[in-house]
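Asks: The chain contents come next:
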Amino acid sequence: VGPPGVGKSHLAQAIGLEALKAGFVVLYRSIFDLVRELLTQETLSAEARVLNKYLKPDLLIIDDMGLKILPPKSGEILLEIIMRRYENRSTIMTSNRPIEEWGKLLSDVPAASAILDRLLHHAEVIAITGRSYRVQPVPQPSTPKASH
Amino acid sequence: MTNTIKQHAKTLRISGLLSSLELRLQEAEANRPPYAGFQELLLQDEINIRHQRLLARRHKSADFREPRSLDNFDFSFNPLLIVLESMSSPPASSSDNIVMFC
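Taken in order, these protein sequences are the chains called A and B.
Everything in the first sequence is counted per our numbering, starting at 1 for the first residue and increasing by one.
Everything in the second sequence is counted per our numbering, starting at 1 for the first residue and increasing by one.
Derived from the structure by calculation, the hints contain no laboratory data.
A virtual CB, placed ideally from N, CA and C, is assigned to each residue, including glycine.
Just so you know, not all the hints are guaranteed correct.
Straight-line distance between alpha carbons at most 30 Å, and here's what the computed DSS-like set of lysine-lysine pairs gives [claimed, not checked]: (1) Lys60/B x Lys68/A; (2) Lys53/A x Lys6/B; (3) Lys53/A x Lys104/A; (4) Lys10/B x Lys21/A; (5) Lys60/B x Lys56/A; (6) Lys56/A x Lys21/A; (7) Lys21/A x Lys60/B; (8) Lys104/A x Lys56/A; (9) Lys104/A x Lys68/A.
If the Cβ cut is set under 7 Å, some of the chain B residues that face chain A in the computed set are [as the list claims (entries may be wrong)]: (10) Glu22; (11) Tyr35; (12) Arg58; (13) Ala62; (14) Arg68; (15) Ser69; (16) Leu70; (17) Phe75.
Counterexamples of contact, computed for chain A against chain B with all Cβ distances above 12 Å [stated by the list, open to error]: (18) Gly7; (19) Arg36; (20) Glu47; (21) Arg49; (22) Leu51; (23) Lys68; (24) Pro71; (25) Pro72; (26) Lys73.
Work out the full structure: start from the sequences and follow the hints.
Replies: Quick look at the structure:
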């Protein structure tokens, strides 16, 4: 749990790597890429194929919730995935916005409630607070000693 | 190594063991291991190579954005993250989920 730069994506991918080493099938996607891929399918069968790609992995990592504004119908897409993976496959989601804001982020409060209801059941919620690892103070050059 | 061995290995789809076969043959010449032990070693090499290839394929299809691991995560940077070190295994063994947020 924490603001940008505290390591949510790093940890999510690191956990994914450990799951992969343990023999599980893992898939990583930013939420923006995931919904865009599903929204741009032109036929129902193509959409079903893509959806199936997100349903099959033992562990699906959906990163970057809250980083960008999501297109309309994102809530429906995410709900479909979470609903069908519920109690069947594991999912990691990262978000830099509080859960209370997911309804606004998805522009769909009922879908957000249904997503969170399923996602948080059996879930480990990890809250990260702290400084951004990306924004570290630049070390100051040491002052040269005066020569005699 | 003869071309015949290479061809047979490819025909049988066990070409993974070819990468270490030269070394295994040299070791066998020097140490004279029992036949069964030598055969076991070759089969184990094939299994190891297949496992490595499977992991490589799964890693590629996982499509991680960046090469990240727990080893290169600085747990000391934000002290509250230390709690995560108590996680002994990923939760994928069941259908549990993880949500990370601020």
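Asks: Give a verdict on every hint.
Replies: Hints, one by one, checked against the model:
For the hint linking lysine 60/B to lysine 68/A, the alpha-carbon distance of about 26 Å falls within 30 Å, and the restraint holds. Straight-line distance between C-alpha atoms of lysine 53/A and lysine 6/B comes to about 37 Å, which puts the hinted pair past the 30 Å bound. For the hint pairing lysine 53/A with lysine 104/A, the CA-to-CA distance comes to about 27 Å; that is within 30 Å, so the pair holds. Distance hint between lysine 10/B and lysine 21/A is fulfilled; the C-alpha atoms sit about 28 Å from each other, no more than 30 Å.
Taking the CA atoms of lysine 60/B and lysine 56/A, the gap is near 16 Å; set against the 30 Å cutoff, the hint holds. Between the alpha carbons of lysine 56/A and lysine 21/A the distance comes to roughly 18 Å, so the proposed pair stays at or under 30 Å and holds. The hinted pair formed by lysine 21/A and lysine 60/B meets the criterion: a straight-line CA distance of about 13 Å does not exceed 30 Å. In summary, the hint linking lysine 104/A to lysine 56/A is supported, as the alpha carbons are separated by about 29 Å, within the 30 Å threshold.
A threshold of 30 Å between alpha carbons decides the hint, and for lysine 104/A with lysine 68/A the separation of about 12 Å falls inside it, so the pair holds. The interface hint given for glutamate 22/B is violated, since its Cβ lies 29 Å from the closest Cβ of chain A, which is over the 7 Å cut-off. The beta carbon of tyrosine 35/B comes no nearer than 32 Å to any beta carbon in chain A, farther than 7 Å, and the hint placing it at the interface is violated. The beta carbon of arginine 58/B is positioned within 7 Å of a beta carbon in chain A (closest approach about 5 Å), and the interface hint is therefore held.
Hint on alanine 62/B holds. Least Cβ distance to chain A is approximately 4 Å, under the 7 Å limit. Here the hint on arginine 68/B is kept, as its CB sits about 4 Å from the closest CB of chain A, short of 7 Å. Evaluation of the serine 69/B hint against chain A yields a held restraint, the C-beta minimum of about 5 Å falling below 7 Å. For leucine 70/B, the interface hint holds, the least distance from its beta-carbon to any beta-carbon of chain A being 5 Å, beneath 7 Å.
Interface restraint check for phenylalanine 75/B: the shortest CB-CB distance to chain A comes to about 9 Å, outside 7 Å, so the restraint is violated. The Cβ of glycine 7/A does not lie farther than 12 Å from every Cβ of chain B; its closest approach is about 6 Å, which violates its non-interface assignment. No Cβ of chain B comes within 12 Å of the Cβ of arginine 36/A; the nearest lies about 15 Å off, and the non-interface call holds. Every CB of chain B lies more than 12 Å from the CB of glutamate 47/A, the least distance being 19 Å, so the non-interface label holds.
Chain B leaves arginine 49/A outside its interface by the beta-carbon criterion, the shortest separation being 15 Å against a cut-off of 12 Å. Every CB of chain B is more than 12 Å from the CB of leucine 51/A (nearest about 17 Å), matching its label as outside the interface. Listed as outside the interface, lysine 68/A is consistent with that label: its C-beta sits roughly 15 Å from the nearest C-beta of chain B, beyond the 12 Å cut-off. The claim that proline 71/A lies off the interface holds: its Cβ sits roughly 20 Å from the closest Cβ of chain B, which is beyond the 12 Å cut-off.
The Cβ of proline 72/A sits about 23 Å from the closest Cβ of chain B, beyond the 12 Å cut-off, so the non-interface label holds. Separation of lysine 73/A from chain B is adequate, the least Cβ-Cβ distance of about 22 Å exceeding the 12 Å criterion.
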